[in-house]
Amino acid sequence: MFKFILQILLLPLSLSAMPAFATALVGQPAPQFTLSDVAGKPVKLADFKGRYVVLEWVNPDCPYVQRHYDSANMPNLQKEIGGKNVAWLSINSTRAGHSEFKTPEQMAAWTKKKNAAPAAMLLDPDSKVGKAYGATTTPHMYVIDPRGQLIYAGAIDDRRSASLEETKGAKNYVRAALGDAMAGKPVMVSSTVSYGCTVKY
Amino acid sequence: MALTSIRLLFLLFFAASVSAAPVRTEHVEAELVAAGIAAVPGQPLAVALRLKMIPGWHTYWRNPGDSGEPTKIEWKLPPGYSAGGILWPAPQRLPAAHLMNYGYENEVLLPVDIAVPAGAAGTATLTAHAKWLVCSEERCVPEDARFMLDLPVGISAPSKWSDAIARVRAALPVKVDPSWLFTATRTRDGVDLEVKPPVGATLAKLAYFPFDEGRIHNAGAQAFDGTRLSIPRAQQPAGAFNRVSGLLVGGPRPIEIDVPVTGGASDSAVPGLALALAFAFLGGLILNLMPCVLPVLSIKVLGFIEGKHVGANAGANAAALRTHGALYALGVLASFWLLAGALIVLKSLGHEVGWGFQLQSPVFVGFLAVLFLVLALNLSGVFEFGSFLPSSVASVRPKNAHADAFFTGVLAVAIASPCTAPFMGAALGYALSEDAVDAVGVFTALGAGMAAPYVLLALRPGWLRWVPKPGAWMVRFKQVLAIPLYATVIWLAWVFALQVAPQEEVRAEVKTAGAWEPYAEARIASLGAEGRPVFVDFTAAWCVTCQVNKQLVLGQADIEQAFRDRGVTLMRADWTRRDPEITRALAALGRNGVPVYVLYPPRGEARLLPELLTRGAILAALEGL
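These protein sequence lines are chains E and P, in that order.
At position 29 of the first sequence (counting the first as 1) the number is 16 in my numbering, and the numbers step up by one without a gap.
Count along the second sequence from 1, then add 25; that gives the number in my numbering.
These aren't lab readings, by the way, just hints derived from the structure by calculation.
Any given hint might turn out to be false.
[As the list claims (entries may be wrong)] Per the computed footprint, the stretches of chain P lying under chain E, defined by three or more beta-carbons under 8 Å from a beta-carbon of chain E, are: (1) 89 to 95; (2) 120 to 131; (3) 164 to 176.
[Claimed, not checked] Okay, derived cross-link-like pairs now, SDA-like style, lysine to any residue, Cα gap no bigger than 20 Å in a straight line: (4) P/Lys97 - E/Asp145; (5) P/Lys97 - P/Gln117; (6) E/Lys158 - E/Val174; (7) P/Lys97 - E/Ser150; (8) E/Lys172 - E/Arg38; (9) E/Lys158 - P/Gly264; (10) E/Lys158 - P/Ala263.
Since we're looking at a predicted model, the values are computed, not measured.
Ideal placement from N, C-alpha and C gives every residue a C-beta, glycine not left out.
I would like the entire structure built from these sequences, with the hints used as guidance.
Below, the structure written as structure tokens:
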């Protein structure tokens, strides 16, 4: 009896330990957004409900992004995952006016040149979506499950480095998170420290 | 050999800069420099990687913050030589939009110690491949450079870099010395770090740089009020914020600290004020049921019966009861306010005080024992107050019913203090860690909780129906009520004896108490390092809850066996007398009273067990090892 009362009393305590935040948190609904792709077509996150979604923050001028594209690591993962009915959305949140800002045409050309295969390459010139997700680096990766819950936030892999040779043998957190979730298991590593260049807010 | 000697002579003569030629990249001038002109066998050789960034560009600290990458050095050294890690100077906070990095601008020397073998001879050729990420607000560029530094082995002399390297090394963070005291408490938004610098030192500003990434909100403001640094936590953490482990910069020299975060190791939140007040009220209610309060409550019950008996008409009777109840409540509240005031004053004076501290004083315990003996003798009918003591106590008690009610409230609080009722520990911890206004609020709620049943009875005298009618049985009942009072006197006498006995004897008693050994903070750490868990019973002779738990739970054969099976070392922290080490340990756990039961697993967080200990709670905690 006493234990029961104790549990009742401790309940509000455990609830108060979970403050609400505006940024994307693992285990909570991913913030909704609508962004234009390189062709100017609006793309809504809600359009992909019922599918897994991978969000990738990208900046072609960042050496870490270059490592993952020049090694074909990112394009290969996009193709591999795209085959599993996962929507991959690449987002460039570099603010308009920054020296590294890219126009839709430049992003389209870069995507093509790198053989990248995202479902959409999206532009976030006022950085709104980047800030809503709390994206800090390029690359910064997020995985959303079919119910719209965020199940992974963090780095692409466990090798913080801009050098090409590091990709070999790296543990890819996005692939692992998707693998766990698709197998019906809880995601083992759901939050890591992302690495790379600062998102150019 | 001849060649080396000539080279040495050359170096001595020209005091040449002992460094590999600087490498100029697009954004950095990099150089490997040594403090001495030669490597001395058997002595560490101080070298440093010098990075001079062009204006507006920076490189990174070991934890780069929201983005970036720490500088790395890969060494290729002659056999027998070995290089230590980079001795990181304290970094700067480098904001970028709403993000934050930790690193260095302008010029930085990253010192490294090279171990030179005792049998070294000839020339030491140090080859290094340094890699760094250099960034401006606009761009990031990974760069690298290779260096080769040839040093003769033999007698050394300072090089032209000696002073610069020595200056940097003299400013390197140092491990904090024990004259600093830290407590880290979890809050809703992060962790509050209480900083107590050594006597005489004051701090105007302070910044925390964490070693681990992904624990704190890097760009968040770290408010510092002279004693408390508020560190905001990461919104999407990459790991638990369980330790404040990193650098504190702002004092005369950066210091390296590692403080465990407390404030609910099991219940991982410190309650907000509203919750703390609710807990305190509940704690106050439960105080009424504690064994050490019951004797006084018994007297109180008698007072009620008498009060009901006195009035001739029902209306006057009810009014008298209301006044009585209100005065009792006032007595309880006044005592709690007095306690709160005293705690606040003592706390501000820097004393290590805790709940129940009154009973750590032998004078107070002795006084209580005598008082209780007098009350018990009175109940037994040995004497009547009116005839025994015509002045002071006697005249206060029976003749002035108002003062009687008030002082019964005061007395109830005085003896309730050793019983840290369930839930009250957290509320008190909150009160003592927050400001004075909150503390007074929490103590008021405690008092209100304690007085509530009597106020209720006074307002609803009808409920007194449940109280038996007065009669001849009262004399016997009074005598029966004396028994718990006598028991209390015996208990207080035992506490008093322990308090006045030499410390060694008390320790010896603990020592011989079966499997239990006395509390030793250092031993917990060393046992943990051996992979062995430790269970600590924070207790005191004057704490009834502690004694009950000891008898009914901890002392049981099957529980002791369960501890043995898991290889748990049992420790008892006896707080019967003031003990700064134990007071500090309690504070580190976010508590100010006993009992506290903690299981320290070899790895991971300490686990707090409930104050009303159950076998189930212990077995479950052991199961989790």
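Here's how the hints hold up against the structure:
Counting residues of the stretch 89 to 95 of chain P whose C-beta sits closer than 8 Å to any C-beta of chain E gives 4, which meets the bar of three, so the coverage hint holds. Residues of the stretch 120 to 131 of chain P lying with their CB closer than 8 Å to a CB of chain E number 5, which satisfies the three-residue condition for coverage. Counting residues of the stretch 164 to 176 of chain P whose beta carbon lies closer than 8 Å to any beta carbon of chain E gives 4, which meets the minimum of three for the stated coverage. Distance restraint check for P/Lys97 and E/Asp145: the Cα-Cα separation of roughly 16 Å lies within the 20 Å cut-off, and the hinted pair is therefore satisfied.
A distance of roughly 18 Å separates the Cα atoms of P/Lys97 and P/Gln117; the hinted pair therefore holds under the 20 Å criterion. At most 20 Å may separate the alpha-carbon atoms for a hinted pair to count; E/Lys158 and E/Val174 meet this at roughly 14 Å. Only pairs whose Cα atoms come within 20 Å are accepted, and P/Lys97 paired with E/Ser150 is accepted, the gap being roughly 13 Å. Our distance criterion of 20 Å between C-alpha atoms is met by E/Lys172 and E/Arg38, whose separation comes to about 17 Å.
A C-alpha spacing of about 18 Å is found between E/Lys158 and P/Gly264, which places the hinted pair at or below 20 Å, so the restraint holds. Straight-line distance between C-alpha atoms of E/Lys158 and P/Ala263 comes to about 16 Å, which keeps the hinted pair within the 20 Å bound.
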